[in-house]
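S.K.: The residues making up each chain are set out below.
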Amino acid sequence: MLKFRETTMRIVFLIAALASVAAVVLICVFLFAQGLPAMGEVGILDFLLGERWQPLHRETPVFGVLPFILGSIYVTVGAIILGVPIGIFTAIFMAKMCPKSIYGFVKPALNLLAGIPSVVYGFFGMMVVVPILFDTFDMVDGRSMLAASIILGIMILPTVITIAETNLRAVPQELYEGAVALGASHERAVFKVIFPAARSGVMAAVVLGVGRAIGETMAVTMVAGNQPAMRMPYELFRGIRTMTANIVMEMGYSQVGSLHQGALIATGVVLFVFVLIINTLFSMLNKEKNIKDDMKKEAAETAAEPTS
Amino acid sequence: MKKRVSIILVCAFAIIMLAACADEGTTVADPTPAPAAEATPAPAADPTPTPEAPPAEETNPSDESDFDFDRPIAVFTREDGSGTRDAFVDATGVGDDMSVEAGVLTSTGAIRTAVAENELAISYVSVGSLNDEVRAIAIDGVYPSHDTVRDGSFPLSRRFLLAFTEESFADPLVQDFLDFVLSVEGQELLAGSWTPAVANPVAFTPSDLSGSLTISGSTSVAPAMDLLAEAYMALNENVQIDVMSTGTGTGLEQAATGVADIGMASRELREGELENLDYIAMLLDGVAVIVNVENPLQGLTMDQVREIFVTGTLRWSDVVS
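Those protein sequences? They're chains A and B, same order as listed. With our numbering as the guide, the letters of the first sequence map in order to residues 3 to 310. With our numbering as the guide, the letters of the second sequence map in order to residues 12 to 332.
Hints listed in this document are in silico derivations from the structure and should not be mistaken for laboratory results. Ideal Cβ positions, reconstructed from N, Cα and C, are used throughout, including at glycine. Some hints could be false.
Stated by the list, open to error - Stretches of chain B that chain A covers, calculated by requiring three or more beta carbons in the stretch to come under 8 Å of a beta carbon on chain A: (1) 109 to 116; (2) 129 to 142.
To be verified - Simulated restraints, written as ranges between beta carbons of each label pair: (3) A:Val31 with B:Gly120: 31 to 39 Å; (4) B:Glu199 with A:Pro110: 57 to 65 Å; (5) B:Leu246 with A:Leu47: 57 to 65 Å; (6) A:Val64 with B:Gly120: 24 to 32 Å; (7) A:Val31 with B:Thr268: 20 to 28 Å.
Claimed, not checked - Partial pick of chain A residues on the chain B-facing surface, computed with a CB cut under 8 Å: (8) Gln56; (9) Pro57; (10) Leu58; (11) His59; (12) Arg60; (13) Phe107; (14) Pro133; (15) Val142; (16) Gly227; (17) Gln229; (18) Pro230; (19) Gly241; (20) Met251; (21) Gly254; (22) Tyr255.
Generate the whole structure from the sequences, applying the supplied hints.
M.R.: Rendered as structure tokens:
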């Protein structure tokens with residue numbers, strides 16, 4: 003009887019585990035099955051490197067997603083430039099320097115920031131950030147690459163801070179104590195010993211932040227202006243359209259089974275590949291960290307051997 | 012602990028409000044070189060579209076207002092596939108050449124907000140969606156209104172159509188509902204917000220039918236259709252009508268494939284669509300070109316409108332001499 007219950011529960015857990023895997027596999031199959039034929043029909047190079055997107059052109063529809071790929075990259079890099087320094091300094095502060103009383107306030111505030119729906123970020127961007135930028139920089143319109151980068155920079159903060167903080171806390175206390183014993187001040191020990199020791203973990207936090215920024219849709223669509231134009235990185239004050247925005251804006255108008263819909267799904271494929279690369283990077287960084295940890299352990303063991 | 016949290020929260024709110032105030036303060040910083048502005052007050056630009064308004068010169072003298080025309084035009088457009096955009100690009104001749112520099116917004120509300128907040132903005136909305144936030148300008152000297160749309164003098168007009176296949180028209184319920192749409196009762200119901208398309212409608216007599224109808228299509232037409240469906244269901248208690256606002260393209264496809272009984276379109280049907288769909292005109296609508304209320308511009312010619320939307324990067328002084 004016990005055996006029977008044991009096996010039943012085993013199967014239940016297995017099914018639960020398989021469900022999420024099945025979801026990933028199904029999404030992959032759907033994306034590639036629907037997106038690749040369209041990509042082939044347009045021509046992969048024309049699709050990826052095409053500079054014009056006119057899916058509903060009456061004579062010759064063109065499907066070039068290069069402006070959107072660049073758009074996604076630009077706003078993500080912008081978000082990293084704005085968000086990562088703030089995030090990492092916050093993480094160092096929270097892990098190593100923060101008085102308990104302030105921590106008790108900052109931590110819940112961060113969790114709240116993580117829980118705010120992206121449409122609310124978008125609304126904040128539309129009503130506050132966009133008008134301020136418009137007035138300050140004398141722009142043609144406040145909806146711009148800069149506005150999107152600022153909003154995304156705020157949105158990736160919780161991700162970056164939480165993971166970086168966890169990794170900073172995971173650094174063995176002995177390293178800190180050793181540094182202090184050698185005469186380093188608290189700050190010196192944190193920045194010269196603990197931070198380098200946690201570097202791969204902090205990089206992982208940045209990579210996850212990139213993942214969050216590149217996949218963000220709603221907030222970006224609301225503040226980016228959505229011009230399907232080729233932009234240079236320095237055209238910060240001009241509007242831009244990301245891959246996600248392009249999909250969400252046009253999905254409703256594309257006819258079922260049309261090349262337009264296929265091209266939108268193919269845009270999703272490109273996005274998916276980006277996320278795949280980011281996740282691979284993330285797991286590589288984690289692996290590197292694990293190897294380092296192992297090496298540390300070994301070193302500790304060999305160091306301990308002679309005395310034993 | 013609680014005390015501290017509340018103090019910090021109050022500080023946060025204070026900072027946010029300061030930021031908001033600073034934003035309003037900076038809007039005043041507006042280089043105005045025109046000294047004549049002080050001598051003569053700016054002409055009160057009439058925000059309501061009046062059909063009797065004098066067909067003002069297409070380009071207005073700019074030196075009487077403190078609006079600086081030497082600044083760029085912020086062009087906003089609706090997304091690809093929108094019925095309003097299709098009607099606009101067809102009527103102006105912009106066609107497929109809409110500038111990529113035009114900001115793309117996905118709803119009438121978003122367009123109005125963007126134009127209301129940006130002095131440099133120009134865009135277009137359905138005449139039925141005009142309000143005080145924005146100002147409609149004259150096209151070729153004619154202001155948009157129900158009257159100018161009805162008599163055809165406003166050049167940016169379109170029709171709201173109901174499309175159906177022969178098979179679906181064979182259904183007596185579809186016929187009866189279309190009769191209701193074109194009847195005195197139906198057209199009067201809509202006259203408040205739209206311009207009726209039927210010159211001499213006939214009275215409608217309910218004929219106690221039963222069944223269900225699915226109507227799908229343009230998001231611009233759906234509000235009018237909701238009103239009609241409600242009134243029709245009140246007359247025929249055994250009829251159920253579902254109105255889905257899916258967009259013109261989808262609605263016409265659903266009508267053609269039989270998924271919907273009737274498709275709503277906010278633009279004229281194209282050749283491929285006319286092969287298996289018939290249609291009736293339900294309403295007339297104009298596409299009004301709108302600018303910010305601070306902008307003293309009275310009107311543009313159709314060519315100027317086309318140039319603005321095709322180029323996308325013009326300055327106001329390029330079109331207003």
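S.K.: Checking against the hints above, which ones are violated?
M.R.: Per hint list: zero violations.
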